[in-house]
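Residue numbers (numbering that gives the first Met the number 0), protein chains in the order written: chain A, 0 to 168; chain B, 0 to 152.
Honestly, the hints are just simulated from the structure, not real lab data.
Warning: the hint list may mix true and false statements.
To be verified - Within a straight-line C-alpha distance of at most 20 Å, the following computed SDA-like cross-link-like pairs (lysine to any residue) qualify:
1) B:LYS11 to B:LYS81
2) B:LYS113 to A:GLU115
3) B:LYS95 to B:LYS28
4) B:LYS26 to B:PRO134
5) B:LYS26 to B:LYS81
6) B:LYS81 to A:SER60
7) B:LYS26 to B:GLY123
8) B:LYS28 to B:GLY61
9) B:LYS95 to B:PRO134
10) B:LYS76 to A:GLN66
11) B:LYS76 to B:ARG100
12) B:LYS95 to B:GLY61
13) B:LYS26 to B:LYS113
14) B:LYS76 to A:GLU162
15) B:LYS11 to A:PRO35
16) B:LYS11 to B:PRO94
17) B:LYS26 to B:TRP127
18) B:LYS11 to B:ALA97
19) B:LYS81 to A:PRO63
20) B:LYS26 to B:PRO41
21) B:LYS113 to B:PRO87
22) B:LYS81 to A:ARG64
23) B:LYS113 to B:PHE10
24) B:LYS81 to A:GLY138
What the hints assert, rightly or not - Reference listing, derived: stretches of chain A covered by chain B, where coverage requires no fewer than 3 residues with Cβ under 8 Å from a Cβ of chain B:
25) 2-13
26) 29-35
27) 48-61
Said to hold, decoys possible - In silico negatives: residues of chain B with every beta carbon more than 12 Å from chain A:
28) THR85
29) ALA146
30) GLU148
31) ALA149
C-beta: ideal position from N, C-alpha, C; glycine also.
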Amino acid sequence: MAESLSSAEPPPPGPDDHVRGDSGPLVIEYGDYECPYCARTDVMLAELPVRRVFRHFPVPSKHPRAQALARAAEAAGSQGRFWEMHDSLFADQGHLDDPHLWRRAEELGLDLERFERDRRSDATLERVRRDFRSGVRAGVMTTPTLFVDGRAYAGIPAPELIERLRAGG
Amino acid sequence: MIEPGTPAPDFKLRDQDGNEVTLADLKGKTTVLVFYPLDFSPVCTDQLNVYQEVLGELEERGVQMYGISVDSVYAHKAFREKLGVTIPLLADFEPKGAVARSFGVYDEEHGMAKRALVLIGPDGVVRWSHVSPSPLEIPGVNLIFDALEAAPA
C-alpha cells in the first residue's frame, strides 16, 4: 500500500524541489498549469521579493491536461529548463495540447526525443505524485494554495498577504 | 452533529441514477458520507474533484464514499457529469434535508446541508464526524485518512 495520506505539514524545500529566488520570505505553492487562478497568482508572486517553491497539484477530473502539463514541466526540468517551461505554460493557457508542448519544447531548445521520453517516464509520474500527495497531506483542497510561515492561503492571494510579502514577510 | 459511537440513523435515498440506497446497503463496509451544501456551487466542485483523486486509495482500504446534498436526482446526475467524478451522489430531496437533519448537519437558516464528513463503520456505527465551521472551509482529504487510521474498521 502507498504511503499514508494522513495530515502532515508541507515538507520544507528539498534538493529536488523547484525553487526560485534566493532571499525573502518562503512561499510554497501548490498549483496546476491549467488553472487560470494559478496563472494569475504566478504573475503576482513574480513581482515580489520572495523565495518560491512550486509543487504540482493536478486534479484531472477538473483540468484534464493538468497531469500532462505537470509532467511536461518536469521533463523540461530534467534538461535544466523547468522554470522556462513553467513560465511558458502560464503565459499561454490556450495552447496546451501535445503539439503545443512540442513547439514549446523546441522553442526552449530542448532535446525533443528526450523530452518525450522523460515526460512519460515512471520517475516523472512519481515526482508529480509525490508533490500531489504532500499537498493532500497538508490539507490542500484547491489551487492555488500558498503556504507562508506554516499557514495555508487558498485561492488568489489577498492584497494583505501580497503587501506582507512585499514588506519582507 | 452526530457523535462517534452512535448508530447511524436509518435512511432511504436515491442516487443520481434513481437507485435506492439505504443504511443497510452500506453495512459490511466502511463508509464516508460527504454532506455538502449544493450542487454547482464553485467550492463543492473542488471538494469532490480532489476526493475523486484519492477514491482508488479509499477503495483499496475497503472504504466507500457517498456525497449527499438536498439537490434532486437529476441535478446530481448533471453535476456528476460536469465534474467528471464517479462518487455516487444521494438526493436528500424529499422531505428536504431530512437525512442531514437526522445526522445533525442541516443548516436551517440556509436550507442546505452543512459541509460535514461522517465515517460509518461496517456495523453501521458512526466512528468519526467532522463539520466545517463555515461552508467556505473545505475539509481536506487528510482528515479522512487521519480518521481511518485513528479508528480502523
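Unmet hints by their number, sorted upward, for this structure: 1, 2, 3, 4, 5, 10, 11, 12, 13, 14, 15, 20, 24, 26, 28, 29, 30, 31
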